[in-house]
Structure formats: structure tokens, C-alpha cells
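There are 4 protein chains.
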Amino acid sequence: MNHSKTEINNIQIAYIGGGSRGWAWGLMSDLALENKLSGTVKLYDIDYRAASKNAEIGNRLSKREDVSGKWNYEAVETIEDALIGSDFVIISILPGTFTEMESDVHLPEEYGIFQPVGDTVGPGGMIRALRTIPIYAGFAEKIRDFAPDAWVINYTNPMTLCTRTLYEVFPEIKAIGCCHEVFGTQKLLASMLEEVKWISNVNRRDIKVNVLGINHFTWIDQASYQGIDLFPLYREFVDRNYEEGFEGSEKNHWMNNHFASAQRVKFDLFRKFGLIAAAGDRHLAEFMPNNWYLKDLQTIQNWKFSLTDVSWRIQNQQKLAAQSDRLVNGKESFEINPTGEEGIDMIKALLGLEELVTNVNMPNHGQMGNIPTNSVVETNAIFGRDSIKPVLAGELPPEINNLVMRHVLNQETTLQAALQQDNEMAFRAFANDPLVNLPPHQAKELFNKMLENTKAYLPV
Amino acid sequence: MNHSKTEINNIQIAYIGGGSRGWAWGLMSDLALENKLSGTVKLYDIDYRAASKNAEIGNRLSKREDVSGKWNYEAVETIEDALIGSDFVIISILPGTFTEMESDVHLPEEYGIFQPVGDTVGPGGMIRALRTIPIYAGFAEKIRDFAPDAWVINYTNPMTLCTRTLYEVFPEIKAIGCCHEVFGTQKLLASMLEEVKWISNVNRRDIKVNVLGINHFTWIDQASYQGIDLFPLYREFVDRNYEEGFEGSEKNHWMNNHFASAQRVKFDLFRKFGLIAAAGDRHLAEFMPNNWYLKDLQTIQNWKFSLTDVSWRIQNQQKLAAQSDRLVNGKESFEINPTGEEGIDMIKALLGLEELVTNVNMPNHGQMGNIPTNSVVETNAIFGRDSIKPVLAGELPPEINNLVMRHVLNQETTLQAALQQDNEMAFRAFANDPLVNLPPHQAKELFNKMLENTKAYLPV
Amino acid sequence: MNHSKTEINNIQIAYIGGGSRGWAWGLMSDLALENKLSGTVKLYDIDYRAASKNAEIGNRLSKREDVSGKWNYEAVETIEDALIGSDFVIISILPGTFTEMESDVHLPEEYGIFQPVGDTVGPGGMIRALRTIPIYAGFAEKIRDFAPDAWVINYTNPMTLCTRTLYEVFPEIKAIGCCHEVFGTQKLLASMLEEVKWISNVNRRDIKVNVLGINHFTWIDQASYQGIDLFPLYREFVDRNYEEGFEGSEKNHWMNNHFASAQRVKFDLFRKFGLIAAAGDRHLAEFMPNNWYLKDLQTIQNWKFSLTDVSWRIQNQQKLAAQSDRLVNGKESFEINPTGEEGIDMIKALLGLEELVTNVNMPNHGQMGNIPTNSVVETNAIFGRDSIKPVLAGELPPEINNLVMRHVLNQETTLQAALQQDNEMAFRAFANDPLVNLPPHQAKELFNKMLENTKAYLPV
Amino acid sequence: MNHSKTEINNIQIAYIGGGSRGWAWGLMSDLALENKLSGTVKLYDIDYRAASKNAEIGNRLSKREDVSGKWNYEAVETIEDALIGSDFVIISILPGTFTEMESDVHLPEEYGIFQPVGDTVGPGGMIRALRTIPIYAGFAEKIRDFAPDAWVINYTNPMTLCTRTLYEVFPEIKAIGCCHEVFGTQKLLASMLEEVKWISNVNRRDIKVNVLGINHFTWIDQASYQGIDLFPLYREFVDRNYEEGFEGSEKNHWMNNHFASAQRVKFDLFRKFGLIAAAGDRHLAEFMPNNWYLKDLQTIQNWKFSLTDVSWRIQNQQKLAAQSDRLVNGKESFEINPTGEEGIDMIKALLGLEELVTNVNMPNHGQMGNIPTNSVVETNAIFGRDSIKPVLAGELPPEINNLVMRHVLNQETTLQAALQQDNEMAFRAFANDPLVNLPPHQAKELFNKMLENTKAYLPV
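Residue numbers (our numbering), protein chains in the order written: chain A, 41 to 500; chain B, 41 to 500; chain C, 41 to 500; chain D, 41 to 500.
Keep in mind the hints are simulated off the structure, nothing from the lab.
Check each hint, because a few of them may be wrong.
Any copy, or any two copies together, can satisfy a pair, since identical chains are not distinguished.
The calculated lysine-lysine pairs, modelled on BS3-like cross-linking and capped at a C-alpha distance of 30 Å, are [said to hold, decoys possible]: (1) Lys-312 <-> Lys-371; (2) Lys-484 <-> Lys-495; (3) Lys-335 <-> Lys-489; (4) Lys-335 <-> Lys-312; (5) Lys-484 <-> Lys-335; (6) Lys-312 <-> Lys-495; (7) Lys-237 <-> Lys-110.
Bear in mind that the values here come from a model prediction, so they are computed numbers and not experimental data.
Chain A with its partners taken away, still in its complex shape (with noise of 0.2 Å):
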């Protein structure tokens, strides 16, 4: 790397999921509003015709005069290849393919276990996790071998097993778990002041927030914009629209999207455990109890979230092919918007430009109080030049540290499990999911289907 004082060139970053469309047109659409950095992209990907079709993409958008992030983007056939020099590596990965996610995400209905995204916790999130592991494990040792000092961003779900296992595995990585789902709870936040306080165009980023918990069952327990609590604020927009639920301007109604909700089962926590749940409604839904919210459809449609039915991903990949064959061949222009992410403003901090204080999935040192040591905790952290220090979060309220615990040790079971290959192990930590409310025999017969439909992507 090159260092002005402002700006800085020749930054090297590996992808590893390179061929990807959303995450990647995302990157390149940020790192072309940014003109303070420049460097080279590598794309990995186990698809390399994809990696080299996003390589062509990002090539023509760095060359147009509208852009001012001047980057150039190369795909490379070996992760090695991308790993080798690069100052960050970000991980954006499908593990395994629709195909296993439909089972993960659908078999279950069978059991009468309905999961609105099912890549996280529950009996998706779990055999997803057991194909996952032994890839990130791999990365691992990739980056320990190639990239021991560069820093590691993950977006890939589940994002807390996949940000623990690179610690596992080669424990000085440099690595974190990036979420957007505390930004959707700020906004949500910022919507709220201007129903209820008239005050607008609130930046996100200017709603504090103290954040706890792990990765899409994050909790808030102090929120503030300028000098104002918003607590009670809070608790009086939950008492005008907790029978409704808050749909804000959000262009689609939750029934038509298929990420919507309409923020009922974050209201619902808020009266129940006083904290304010900061993740959508889908994800936590998924983490608490079958019978609470996901007990049968009718349930689901009263407290107004949507499913992701993974035929809709499944088509919506399609269209997002042929898209990148358009870019590729210039039928469509490349359109640049900002992601939201904050990827890059974590690079931009890394290297020693601006200080950055947000929310982040790492192992835990004592950022959180009462969760294992070593265990993935989301909290805020300071970036500054090669740093990410966490802030001492505090500790959870016992009966919502609970709920949180009896997650973390799943997931640490599933990791033993995943890397000892015993599948033993990962069913008791599968039968005992909150969503997996089945007497033990029936949880086995639904464990060794799920099993048997990723068993292609599971080491032998």
C-alpha cells in the first residue's frame, strides 16, 4: 500500500465468493463512490466464469468518468492466488446451493417447522452451519498460510459460526462478521422521531445505540439521539402500533416483500423483555420459542412477517445472471448506488483515515458479560489503523441472556461437531433448538433427512 495523508493506493483485497451478483455489484458500487482508495480486486470463486464476469463488470465501471474509485478488478482460478498480498479479504459466499437450502429451509414444514429465512439458527441454520464449517475451516488455513496479516471481513450466514470458526482454526486471523441488521433497527428508530418527536431525515448513524447479543439476535439497551433518551420514545411508539404494527415508507407492504415485516414481533419483545430487539422480525422470530411466533402460518400471518420462500431465490438468481451477462456485454449500464454497508467505511478506518465506531460480530474477550469466552458476540467496536477494539457492552438482563446462551452453545456444539465430524454431537444441539419442538424420535428422522439432502457438500 501507498499512504498519503488522505488517501491511499494500491490496496490489494481478496474476494472470496467473487462470482457472487448481489455482494459483489454492492462492493463495486461503494468502492466506486469512494475516491480516497484504489487498488486491485481479486475474485475468487468456485465458479470462474462468474468470478471473471463480475472481473469484466467492475473493469467497465472503473473506466467511466462518473466514477471515482478507481479500482481494478481480476478474477484468479486459486484462492491462493487472490489471498497472496492482500490487505483485507472479504468473504461473501453461497455455502452449497439452493438446491441444499431449499431442503434446509422447506423439509422442516413437513415437521410443522416454519423458518422465515432458515440460514441462521433452527434446523436450517444448523445443517447449513455443518456444510459451512468445513469451508470456512479451509479458509482458515488458506489465510493463516497466505494472508496471516490481512483483515478478514465476512458476510456469510451463519454468520457467527462462520466468524468462529476462522478463530478456531487459525486463532490470530484478523477477522470479523459484518451485519447490516442493527442499521434497519436504526432507522427503525429514526422513524419512530419523526412520528412521534416530528424531528426528520434522521441519519442512522446519528441514533447511538449500545448493542449486545449475537449476530441477528442483537439487542439494544441504551439508545440516544443527541441528548434525547429514546427509550420512552420507544415504548410509546410500541404502544400506538403494536396491535398494527409500523409499516413506515417502506415502498412494499409486508406481504409483498419478500424481507418485509411490519415490526410486530420487535414490539412484542420490547413488552415482554423491555429491551429493543435489534434484527428483523424474521430473524428473531426464529430464535425464540416455536409456539411463540412461528407456530403455524396463521400464527406467522398475525404477527406479519414474510417467509423467503427459496423459490423466489432461486428466480431471483436467474434474473440476476442473465443481468450480469447484460453488464458483461454492455447492454445494460452498471447502476451505482450505495449499499448501506459499511464495509468500506471499516477499510477506510483500518487504514488509518477516520475513526469508525459500529456494530460487529468478533470473538468474545469480555466485550459481553456472561457469554463464553472466545464465543462470536455482536457489540460496537472502534476501528482505527489496524484495530478493532471492542466496547464493554455489559451483560444482558438474566432471563434474555437465557435466550442468547442457549443459542451460543448450539452453535459451539455444532462447531465441535462440524470439525470432529460426529454427528452425534451436532444432533443434540439440533434437538435441542427452540424451533425443534419434537419429541426425540421425530427430531432424529427430520435430522438424518436434512443431513442426507447436504451430505454432498459434508467432508467424508
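Fit chains B, C and D to the known structure of chain A by using the hints.
Here is chains B, C and D on its own, set in the frame of chain A:
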């Protein structure tokens, strides 16, 4: 106290709940058999008449020539009278009456929740805790003020929360919770030695075990007899008896005995988790998810353990009351039987007469890994003169620790809820109990009814 | 308090030690320069007249047209009057008088012990602590009873033990200890940038450092400016200046200034330990073994730092008293100079007006590894609305941690000794101080003499 | 191994340092007296001839009719030969030769530093550690590869760092460090019972003590015999004997015996700190600041303990070598004397034949509070079949913990310095040793000379 090298006189014991039949008579029996100790037992009970009768019974016993342990029994009208000057405090009370216990145990059946015991966890255990904690907070204050240096031995359930409350209110207290459930498992292992290795008449004290967990949900991860590792033998034993269960030399078949089981739950837990669960099946089943062993009456019958109906307890109480009168007026002679409890051994060890290693409930100061500091855990400890030092028992594997932690944190929540009289907080624990497998609104309905039934014993 | 989006009025500050000249005048100066805040400062002092004069000085100042921060100053006769209704409490007192300090600093010289400051550790710091801890225990009780929700900012030395005492007596207190020594090291690094890299006019706040240690014995293990790692530069800087020392742009040579040094101790510690010690050399030398930097006057001269004679402090006090009178009667005009302290920035951050990351003294809840829980440590923290969250600063290497721990445990011993009025316990800490390099009987003799000299301020 | 209910045959012991006289002969003696065990001892030594002679001596002994413990002794040429198949590994070596030890102990005298033993801490102990740690790192690797399940019993000094190194290199090792110094204190307490209470012939094993600290610097905070608290008696005993010291029934006056003392250091520490220091005075003095007990020869004489001159060790070695030859060729008959060591008791306990509670050196996993995890501490532990569980010994008061921590952290630094071959880091520990009360440049000079003298045993 007066010490000589081998015996100690003028010991003073305060017995809170001194009007009880079962426990008080057991203590009298054990004291009568022990010739190294003598002194005074002050019996305190909210039912003074019952205490008086017990004093009479005890003093009659002490006069008998066949009794070597000579004690003076005295009923006292206030707890202060009992405590002042005491070297040891024994607590064994019924929190509330069997009317409240009837509600604890049987009301949840209307919601499909069956509880074999209902005094530890589950809806019954929790509601019982809510009325017991304030009583124990009172005891702790009295002990702090009138007998701060005495050793306190608790036998009341919920054991964990009774002991926990004593320490929460008076952190310098020297208190332990004692329970014989682990002894039963040692006896089972002794029976196993006979069945599998033809080694007979093994004293359960010679079965060396490492104990870790919480009361009634303890686990053994090392067990030996002389130089023999008992784990391979237990595996063989479980395989032989898994389907039919093991009833051993117990006189009564499990179906005819209100406290018996065929050990099938214990065997199943061993198969599923690899460690030896060390409590009676009736207790163990209450700690697991509702649909494992308690789904319905048919399931319970398949697992071959009994439900202890409170109506049986009421009848038994009446029989004992009648017996008490006969003992007082000399129509019946007190039958001296060693109880198998270790209270007297503990007292002797605490007086410095012998060293004792046994399992005990105490606040966690590191004896169990991955359990919060100060939560009450059950592990081995060394008893010596005025000293109980827990041993470092290690930690449970994460998948079992997960099952334990759920209760540990529910208990911490229940403790705080009871002390702060916060029913909303109490409900958060209630709704998270594994047996309370209900949608939140049903859980709330059950909670409110049960609370109403116990309100005579709640602080106002 | 009244909030608007960008300014806050009606703030109430209690100033304990409000008759002081240096610190109180500094606060007035900083408040006068800050236009977003206004309210009342209640000045409490055991010398009520001095507080009254300061009130007069402050109110005169507020009336001036060139002053944008308008505050009302009020001298009060009791600490309760100051505390009731306060949002912030500032404490800056002289524990005892300069007569006691004379003994603290200079009596040990008879035993060959030289102390450049004598208010933190060493025999002087310890005896000062013994008379300060009871005073602070009293403050803590008053704050608990009259201003439990106020934020408390302490400036008095011994900083660590003052802050530690507040938390020991009132654990829920919201208190911090503030010190500018780290700022001085940041300024040194800024000077270094000019010398080594020709980068001038760097604001010390843009020198980002990770701070860990205890007050006046803090260490920096990461330092950067923009994207530049300052450690290699510091090594070069130390090599250049090791022999002669570095005096920078300070107006006075170290020999002519009672607070100055040539940084040679700091440079030597860097060479020997590899990290940047972040306090003035006069302080640092007091934490190290006696024969390192303070063996005798010749050694001290070689290391080029000054000893602050208490007679100078007495003279200075007299000069300030005279100046106070001139300010009160208008013969002299108050000169407004920013102090460079961060108290006002902290207040603004705690009011939610801005986010601040800076170093602060707080009880250790994990921000520093391998230091006991609750011992007061100095690390960075994020200040936000009604919230200070320390960052996880990591841990010192064992060889430096060893030097720090010796003082941490001496301080814990001193705290308990002072609270329990146990002089034998206090002596154990005294005899173990690195400067008290004496045979025990001589140490005891010195201890007794010093204690005698301060007995007017010890509880009886 | 073959088990029967009460005896175990075919045990295999690997003895590393099997050519030693003192320790190996002691083991032979103890094994000869124990009729429940038999098997093979494989003697490995870098001096194969010495091991062979010992094998011959041992086999001669086993053939004697008066010997009930029959063992086969075999000298082996490689450590692998000794380890493969072993159930127990005993290590007792001299790291380097007496030439190096001569430098360790006596060179510092040129700088005014006197060391009574010089093998644990102080300049001698540290330099000895630097050459011992690499040797033990090698042992750990061999044990990991060839006898990972064996129990390892170490007798070599520096005990703490030998044991610590084994765990650092092979964390799953089952190793302990054993030392008889606490036994000596128990014997002193037994003598005290005779003097103060006319209770004679008390077995030191019946003196129950709670032990906490590090090897050779252990403390007792609870001591009892039967029901008697020994602390008030000890205070009386110290008062009686403080001035003159106590020599008890030891045959030799301290001035005539290279290992004796009059216990004055122990008595003084009790007066100053309130707990019973539980090691010989010669060891204890080395852990305290230089000017407490080792200031000069006069001071040492006043405290009445001996300095063990290395020239005596050399002479003694020669005498033992001659005796070895006589034993081999039958000119002298092996005299069987129980050593008083507990190695054989430990082995029996680990085989499951009996339960044993005694003090032992193991990594801290919570048995001692306020000492870093994994640092090797000495506390009581329960030995059972294939299991050693430390007891929760509690924590030392901060003022004593401070004295201990200084050495703990010096040892951690020394360990890392030795493993990383970083002499600068080693010097940081050296300069911070309480006996090295020198200006840094003199400390460095001494360090360099001592290092030079041991360089034949340092890795290159």
C-alpha cells in the same frame, strides 16, 4: 462446644422446621446412633405444637439405654431462640401447605404439563420458589443477626434457590444444600457391579464419582470403584437393561411406589449424551423438554417412572401425625434406622473429627466451569474443621451445559423476581421453562392461576 | 436540564474543592469558552471564604461580553447544598495541607528516598492516600444520598485510590478519574512527527493511541497518526535523543521548571520494555525500583527531570491567593485560556451532544486483561449520552504487567487498610513499595514518623 | 496393568534422571516397602552408566527376602524406550552440572546477593530456569509422542517452571510437581502441638492445612488437628520462640546442617503477614526483598538459617558415587528407609487403590483466586483413579498475593523468554527479581556473566 481429641459435647443445633416428621425423626435417629457427639437441638417451627411433640419424642429417645448419642431436645417459640448460640442450623421446611403444592403439581396438568415431583423446576418448582425465596430471605437475615458463624445445612426444595437465596441476602453465610439423589446413583452403580461383575455388597461410598451440575440435574463424568473405570461397565449395563429398565433389589415395582422408577430415563440420557445423569428419573425428566419424557401419560408409562400425587403426600402426612401422637404418649416405640443421609457425617467433619469428601450445593466460585459465578452448583467438596472446599469439578460438555444453563439462568431470574416482587420478570423465567411448552398467552394464563393459588404465601 | 438539539441549559454542577485556584479557575475558563452549555456551578469548599471569592470571580467573568458560556456561580456552605440537584460533580481538593505534603515528599529524603512528585505512589503517595481515602469515603456517601445519578469527575491525586474509594463505598456511582498525562505523551508524539517527518501542527487529539495501565503509569502499545504507525518513528526518535533527551518547544529548560523533564526516563523505558510509557518522567520514575531513576541526586540529574519541592507549592499558593483578591476586587482581569483538560468535552458527550473517545480511570470490568476486577485502570472509553463504555484495551506483556500489578495490589491493600484503619496492613503495602528499598525496621520507622505527621487527617 | 481388587501388577514406570542417587534410591526404598504394587521401572539418564548401576542396585534389592515390593529395574538408552508403554513418568534431573550451579549460586555474591539455595527464584533460579525450560520442552514433546496418557510426576527445580513448561508445550499432559516443603511445616506444627499442648507423636498427615501459593513460597491460612484450630496455638508458639528460633528435635543445629534453619524467617513472616509460610526458611528468604533476610552475612546469621554451598553438593555427589559402586558390587547393603515423599501414595491413589488429599503443583484453573489462569500454583488436590482434582483453596490477601504475583509474572516472562530464546525479555524478569536489588546496568552485567556461564546448556 467442648472438644476432646475424639468427641465433642455441648454442640448446639438449631432445627428450623423442627416440627417436621420425616426429616426431624431421621435426624434423631442418626444422632442416636452417633456416640462422638452430644448437645442440644433447639426445634423451631411455625407449628410450635409439632415442635414440642418432636422434643418430647427426642428426649424420650435420648433416655433409652440402647441409644449412645445423648441429646437434649427443646422446642422454642422464636427462630431467634433457636439460632442464638447455635453451632449448626438445619433447615427443612414445607414452604406453604400441601394445598399450594396441589396447585403447583396438578394445575399444570390442565395444560398438558405433567410433573412427577413439581418442587424443583417446571411450573410447580417455579411457583414454589416464588413463595420460598421470601421465607429464606427472612432466614438469612435472622442467621446474619443471630448466628453468623454457624454452619447452615439446608434440605428444603427447591434446593438450589433456597441455598442461593441464603447467600444472596447474607453473602458471608456458611451454608450448604444437601441432597441424597447422587447417593441413589452410586447405589445403582453398586447394583451394576453386582450384575455385570459379580462384585456384591459394595458400599455406595466406595463408588467414587465426579459430580457436576445443579441439584436434581447432576451429572457424573468419572466413576470408579477401586481401580476400575465404571464407564465401560455402565455402557454394557445400559445396553442390557435399556428396553426393560432396571429395578434392582428395590422391594416395590415402580408402578406401586410413589418415588420409584426403572431408570429408563437415566439410561436414555446416557445413550444420548454419554454421561451418567445422577438423580432419580422423576427429577431428571422435569429438566428436559416437555416432549422428551413427559409428553403425555402414555409416554411417562413407557419410560417407567411414577408421578407422585400430592393426595398421597396428604394421606402420608396424616399417618405420620397419628404416629407422632403414639410416639409422644409412648404407645409406639421410636424405631432407630440410619437414614443414609450425610448430615451427621458433615457435622463431624466440620468439627474436625474426620475428613469427608462428598457432593454438596454451594455457590459457584470456580468449581464448575462455564457456569456463572455465585449460581449454586452441586459438586464434590472436602469437609474439614470449619471448612468446606469444593473441588474443581471441571465443566460439562457444551451440549449438556446448555441444558443446565437454561435452568441456572431461569433460577437467577426467579431469584431476582422474587426478591424484587416483579411478577413480569418471574413470568419470563416461567415461559422459558422447558416444560412450559405453551404459546405465551396460555403460559401467562397458567402462571396467573398458579400465582393466585399461592398468594397467601407471597409478600404484599 | 433543558435540552434543545444543540445546546443544553440549566445544567447544575457541584464543585467540591470549589475554593481552589488552579482547577476552579481553569474550569471557569473552559466554561466561558463553550457556548452550548449554561447553568449553575455550586462551589463547596471547607474554606468557604475561598469558595465565595471564586463565586465572585466566576460571576464577574460571566458578565463579560466576550464570554459566550454564561454560568451562575454560587458558594454553598454544605456539601449537601452543592450536591442536591446536581447533574455533574467535579472534585478537586487538596487532602490535608502543604504541611502534610511537606512530610510526604521530603521526610523520606532522610532515608535516601527522593520523590519528584510524591502524591501517587511511593511513601508520600501512600501516606497521602491514607488521609484521602476517608475523605473520599465521605464524599461517596454524600453522593449516594444526595446525587446518586450525577456523573462524578475526579481530578484529585492519588487518582486511582480516590476513584477506587468512590466505587468501593457506593458501587453504583457513575464516577471517573481524569488526568492529562497521556495528553502530554500525545503532544510528544506530535513533536516527534515534526522532528522526524516534518509534519507540523498536529493536534494531539489526532494522535490515536491505545492506553493501558494505571494512572501516572500508563502505557501505549499502539499509536498512529492518519495511516502512519508511530512505533517505528518513535524508535528512531528515541535513538536520536536518548543521550541528550528531548525538550521540544517547552519554554523552560527542565532544570528551571518544577514540572518539566527531558523525557529521558520515557526513552529508557521504551528501550528496556518496548512500549511507550505515557506519563511525565517525574511520575514514571516513582513507579520503578528505587535504584533505577531515583537512586540519588546525581542519578536524578543524569536522567534530567525535576523534583517538585513543596516549598515552591507553598510560594505559588501565596501568589495565587493574592491574585484571587485582585480578581475579586477587579484590580486584575481574569485571563481566559483553554486548559487543554477534557472535562467540558466529557460533559458535552455525557449530555449527548457529541461522541468522545478518550482515556479515563474506571474500575476494571475487563477493559484490561490480567488486572483484578474492580481495580481502577486507565484505558480509552467511549463517552455518549449518560454512558461511558471502556474499550477492550487488551493486556500488557507480563513483564510490564508485573510492574503495574505491584502497585495495583499495594493500592488494594492501602484501600482496605485505610477503610479498616489497620496500620499494620497499611505498612505491608508501604514496605512493598519499590521506592521503599529499606530493611523492614527502617521502613517501619519511616512509616511511623510519616503517619504521625499526617495524624490530624486520619480518623480516630 | 493388571488389576485385582487390592493390588496392581505390571505397572510400568519411566524414570527420567534414573541415574540419580538421592531421588532414585529413595524411590527404590519406597517401592520396596509397598506390597500392593509391582512392575518395571525403566531408568533413563543422559549418563547411561549411572542408570545401569541403579538398575543393578534396584534388582539386587528386589531379590531380597525382606523386600515386599518386587520391581524389575531396567536401564534404557533412549527416552523413547523409557516412555513407550509407561503408566507413570517420574522426572528428577540435575539441569546442567554443579559447575553451572556454582555460578548460579555464588557469582551473585560478588554483587552482594546471597542465595541459600539458588534453584528456584533469585538470579540463580532464573538462570537455572533458562537452561531447564528447553530440556523440559523436549521432555514434553517426547511424552506427547510416546506416553500421552501417562501421569508425570516432577521433582526437579525450579518446580514451578518445570511443570509450567510441560503444560505449555503439551497442554493435555497429566503432570504434577511434587515437593515436600509443606510436609516440613506440618511437622513443625506437630512439634508445636507437643511444645504447647503436650500432644506428642502427631503424624504430620493429621495436621490438616489449606495450602495456597507457588512452590517454595506457599502459605497456610487454615490449619487444624482434630477439632483444634492451630492458628491461636501457632501465635503463642511464635511468641515463645521468636527471638531464639525453634530447632525442635532436629539432630543438627542449623549452623552445622546445610539444609536447616531455626524457623525465624517463618516466625517473622507470621508476625508481619498473619499467615503461616509453608516452606523452609532458606527458600522463603529468597522470595522476599533482598534487604529483609539476605541483606548481608550478618543479617543471615541473625535469622539463623544456613546457606547451602555448592562445594558441599559436589563433595556429597562424590560420596554418593562411591557408595553407588559399593552397592553395585555388593560391598554395601542397600538401607531401606521410607523417604517421607508421597510419590508412591500418589501412584496408588491414581490407580484407584485409595483416596489421597495432598498439596501439589498444577496449572491454575481456579483453585487459587487472583492468580492468572495456567500459571502453576501449589494447593491441595484430591487424587483418585486417573484423576487429580485441585480443591478451591481460595485466595491470599492482596498484600501477600502481591509478593507471590511478582514471582508468578517473572516466571511467566522467564518461560516465554526461554521458549523464544529472547534474552532481553529474560533480563526484564531478572532485573525485577526481589533479590536483584541493583541499578539496571549492574543487573545487566551480572545477568550477562551468569548467562555466559550456562551457555553450554542453552539452545543455539
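Legend entry - Status of Lys-312 relative to Lys-335 across identical chains (alpha carbons, at most 30 Å): both (18 Å within a copy, 27 Å between copies)
Legend entry - Intra- versus inter-copy proximity for Lys-495 and Lys-484 (alpha-carbon distance at most 30 Å): Classified as within: same-chain Cα gap 16 Å, cross-chain 42 Å, threshold 30 Å.
Legend entry - Within, between, both or neither: Lys-312, Lys-495 at alpha-carbon 30 Å: between (40 Å within a copy, 23 Å between copies)
Inset, instruction - Up to 30 Å between alpha-carbons, please classify Lys-237 paired with Lys-110: within, between, both or neither. - result: Result: close only across copies, 29 Å inter versus 42 Å intra.
Legend entry - 30 Å Cα threshold - placement of Lys-489 relative to Lys-335: The answer is both: 22 Å in one copy and 24 Å across copies each meet 30 Å.
Legend entry - Intra- versus inter-copy proximity for Lys-371 and Lys-312 (alpha-carbon distance at most 30 Å): For Lys-312 and Lys-371, the Cα distance exceeds 30 Å both inside one copy (53 Å) and across copies (59 Å).
Inset, instruction - Pop the pair Lys-484 and Lys-335 into one bin, within, between, both or neither, using alpha-carbon distances up to 30 Å. - result: both (20 Å within a copy, 17 Å between copies)
Checked against the numbered hints given earlier, the structure breaks only hint 1 and satisfies all the rest.
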